[in-house]
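Trainee: Going down the list, the protein sequences come from chains A and B.
One point on numbering: in this note's numbering, the residue at position 235 of the first sequence is 235, and numbering is uninterrupted.
One point on numbering: in this note's numbering, the residue at position 165 of the second sequence is 551, and numbering is uninterrupted.
Among the hints, a few may not be true.
Taking beta-carbon pairs under 7 Å as the criterion, some of the chain B residues facing chain A (in silico) [stated by the list, open to error]:
id	residue
1	R460
2	F472
3	Y478
4	A493
5	M608
6	G612
Pair ranges (Cβ atoms, derived) [said to hold, decoys possible]:
id	chain 1	residue 1	chain 2	residue 2	range
7	B	T445	A	S291	35 to 41 Å
8	A	H379	B	K538	56 to 62 Å
9	A	R214	B	K513	34 to 40 Å
10	B	N491	A	E293	23 to 29 Å
11	B	G568	A	R5	15 to 21 Å
12	A	A241	B	E500	42 to 48 Å
Cβ-to-Cβ under 8 Å is the rule here; a few derived chain B residues that face chain A [what the hints assert, rightly or not]:
id	residue
13	L436
14	M451
15	R452
16	Y456
17	I462
18	M466
19	Q474
20	Y483
21	D550
22	E563
23	Q567
24	V636
Everything labelled a hint here was simulated from the structure, so no lab data went into it.
The beta carbon of each residue, even a glycine, is placed where N, CA and C say it ideally should be.
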Amino acid sequence: MTVFRGFLTITKRNLNTMIMYLVIFLSICLIIQKMLLPETDEAFEQQSLNIAVIDRDGGQLARGLADYLKTWHTIKDIPDDKSILQDRLFYREIYYIVTIPDDFEEKYLTEDASLSVTKVPGSTSGYYVDQQINTFLSNVRVMTAGGFSLPEAIAYVQENTEASSEVTLFDKNGYGSQTPEHAFMYQYMPYIILSILCYTLSYIMIAFGNPEVRKRMLISSVSARSMNLQLILGYGVIGLAVWGICSLMPVLLYHKSFLSDPHLPYYLVNSLLLTLVGLSIAFLIGTLVHSAEVVSAVVNVITLGMSFSCGVFVPLDIIGKGLKAIAHFLPVYWYEINNTLISGNRSFSPSQLTGLYTGYAIQLLFAAAFIGITLVIRHTRRQADS
Amino acid sequence: MIHIENLVKRYGNLTALDHLNLDIQKGEVFGLLGPNGSGKTTAINCLLALLKYEKGTITIFGKPMRPDSYDIKRDIGVVMQNVAVFDQMSVYENIDYFCGLYVKNKAERRALVEDAIIFSGLEDFRKMRPKKLSGGLLRRLNIACGIVHKPKLIILDEPTVAVDPQSRNRILEGILELNRQGSTIIYTSHYMEEVEQICSRIAIIDHGHVLATGTTEELKKMIKTGETITIEAIALDEGALKDILALPHVFDINYEEQVLKIRLNGARHNLVRILNYLQEHDISFGRVFSELPTLNDVFLEITGKELRD
């Protein structure tokens with residue numbers, strides 16, 4: 001098992017690179033998760049602002065509007081003085097000023113009339129109050145037009161604001177229709193698996209592919225068959241180790257939430273097939289590239305290219321049609337399609353299950369294709385060499 | 387021990403080995419001497435079954451050599467022209483790795499690796515990576531990896547290329563020591579001095595076939611040249627050149643840029659006779675050299691060209 005031992009020795013020399021990629025991966029996962037997942041999933045809180053209502057009309061509609069706004073906001077008692085109001089707004093003691101002009105009620109009910117509002121520039125909360133005022137006034141206008149008296153209309157609108165409705169979201173995947181945290185990790189996993197495998201194994205392949213070293217090995221008493229088997233074993237061990245470490249990370253970070261996921265086997269199979277794809281790509285790169293310096297550039301192009309175009313860093317939903325069409329010809333796309341399917345559904349319909357298995361099969365075919373191409377290249381070279 | 391008969395190897399239209407015949411006996415340091423591109427490395431690669439050949443037979447230890455002749459390969463050690471080690475492994479790991487391709491037993495391997503390290507003088511560099519070694523040390527590591535399993539037959543393909551004189555001497559001494567320890571050596575080089583220094587028998591090879599085989603003395607006896615006299619800073623006319631060529635034992639002269647090179651067959655007092663002629667004819671001259679024939683002269687006479695052309 002000398003060749004296998006040598007394989008592991010060279011792998012050990014690349015441990016730093018492997019650890020570096022694992023740290024990058026974990027950091028990306030945790031940062032993006034923090035950014036994408038809402039702080040609270042189940043609570044909704046209305047925002048209350050300090051506002052000022054300058055009532056120059058003094059009518060029922062103006063008082064009704066003030067009462068309506070009081071339901072959500074704190075109305076500050078501030079004198080009707082332009083400079084004072086501007087000061088308060090500047091120092092953020094109030095965020096919104098609504099000025100109800102003289103004869104507003106009469107003008108509003110008979111013709112179009114508008115209110116003068118002043119708000120903190122660019123604040124979203126200002127739009128929020130705009131909407132509330134528009135809702136109140138349009139509702140009152142609709143009701144008075146429908147025959148209700150103004151006090152009745154104001155009372156009904158006020159009453160409606162106190163009514164609340166219960167909304168229950170359909171829990172499609174058992175995680176409140178939210179993407180489970182470990183699914184994020186599996187979404188980014190292709191980057192780490194492909195990077196580690198392609199870097200490490202390409203370097204090893206280049207070392208073993210060195211024509212002089214290869215010659216020295218070929219003239220030894222170990223058969224070429226045994227050498228190849230030992231190299232395959234090395235590939236398998238490294239592949240399984242990388243897959244094992246990557247699979248262990250969600251267990252360590254999310255414990256029960258991941259382990260109790262009924263789709264755990266699907267995640268594992270999906271990532272295992274991706275590992276196989278990674279091994280086959282590494283085999284191809286290690287055969288085509290002869291310089292360790294070039295490996296870095298090639299691996300970056302392949303891993304980052306596939307990650308950006310196949311939905312690793314950017315969700316598939318927001319990838320353009322053209323890019324998505326190209327991504328169909330890349331194995332990571334099918335991994336991500338499967339990952340989305342697994343994380344988005346509690347149970348699979350027969351067609352979804354077919355889709356899932358198709359994704360698995362396509363990944364397997366990609367791996368077989370890469371291995372086949374590499375073997376043909378190697379065979380052609382060997383023929384030329386002899 | 388090694389028998390090569392009518393070996394023909396072609397690369398497209400180029401015939402690299404043209405009916406090559408060689409017989410190497412046990413215990414020899416056999417030199418394969420030839421200029422670059424003469425077919426030495428191709429012959430070695432065919433011998434090791436690394437290359438397929440069109441025609442001919444190769445037997446080593448009395449058995450035909452094939453790519454799957456692992457029993458034969460077990461007793462062969464090869465030191466290639468280019469350094470063949472793993473950059474990612476230390477000196478010790480490299481030697482241990484290549485030893486492991488022949489020796490399974492761990493304790494036996496450890497002892498062999500230690501012997502190889504001591505033999506190649508790499509005791510202080512065990513943990514160093516090849517990239518940190520000087521050119522000479524790297525060559526020694528290359529040799530250590532090739533001979534660590536103590537093979538019966540060691541093939542060294544130009545192991546001293548780009549090596550400083552100190553390391554070269556150490557390598558050559560090491561090769562002789564391996565031979566004293568019982569290994570048969572095949573040594574290829576285009577450095578005739580090295581071949582002359584260490585080889586007990588030499589084959590001169592050019593254009594893929596053997597031109598002459600024998601010991602250094604036997605090869606030198608094969609040629610006409612017994613002595614070469616070189617006279618510098620001399621002014622000669624056509625008549626003087628004809629006179630010199632007519633002197634006894636002179637069979638060839640070459641006069642270029644005021645340097646006269648006279649080749650004579652083996653006889654005594656050649657130098658005195660030529661200097662007398664120059665004095666008698668009042669021809670002034672500078673430095674004078676007299677050299678006995680070298681392998682380069684052998685090569686020159688056989689092929690009509692210098693060994694390092």
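Trainee: For every hint, state whether the structure bears it out.
Mentor: Here is how each hint holds up against the structure:
no.: 1; hint: R460; result: 4 Å, holds
no.: 2; hint: F472; result: 5 Å, holds
no.: 3; hint: Y478; result: 11 Å, violated
no.: 4; hint: A493; result: 15 Å, violated
no.: 5; hint: M608; result: 34 Å, violated
no.: 6; hint: G612; result: 43 Å, violated
no.: 7; hint: T445(B) <-> S291(A): 35 to 41 Å; result: 40 Å, holds
no.: 8; hint: H379(A) <-> K538(B): 56 to 62 Å; result: 34 Å, violated
no.: 9; hint: R214(A) <-> K513(B): 34 to 40 Å; result: 25 Å, violated
no.: 10; hint: N491(B) <-> E293(A): 23 to 29 Å; result: 39 Å, violated
no.: 11; hint: G568(B) <-> R5(A): 15 to 21 Å; result: 29 Å, violated
no.: 12; hint: A241(A) <-> E500(B): 42 to 48 Å; result: 32 Å, violated
no.: 13; hint: L436; result: 6 Å, holds
no.: 14; hint: M451; result: 11 Å, violated
no.: 15; hint: R452; result: 12 Å, violated
no.: 16; hint: Y456; result: 5 Å, holds
no.: 17; hint: I462; result: 7 Å, holds
no.: 18; hint: M466; result: 6 Å, holds
no.: 19; hint: Q474; result: 4 Å, holds
no.: 20; hint: Y483; result: 5 Å, holds
no.: 21; hint: D550; result: 21 Å, violated
no.: 22; hint: E563; result: 22 Å, violated
no.: 23; hint: Q567; result: 20 Å, violated
no.: 24; hint: V636; result: 49 Å, violated
In this structure, the hints that do not hold are numbers 3, 4, 5, 6, 8, 9, 10, 11, 12, 14, 15, 21, 22, 23, 24, in rising order.
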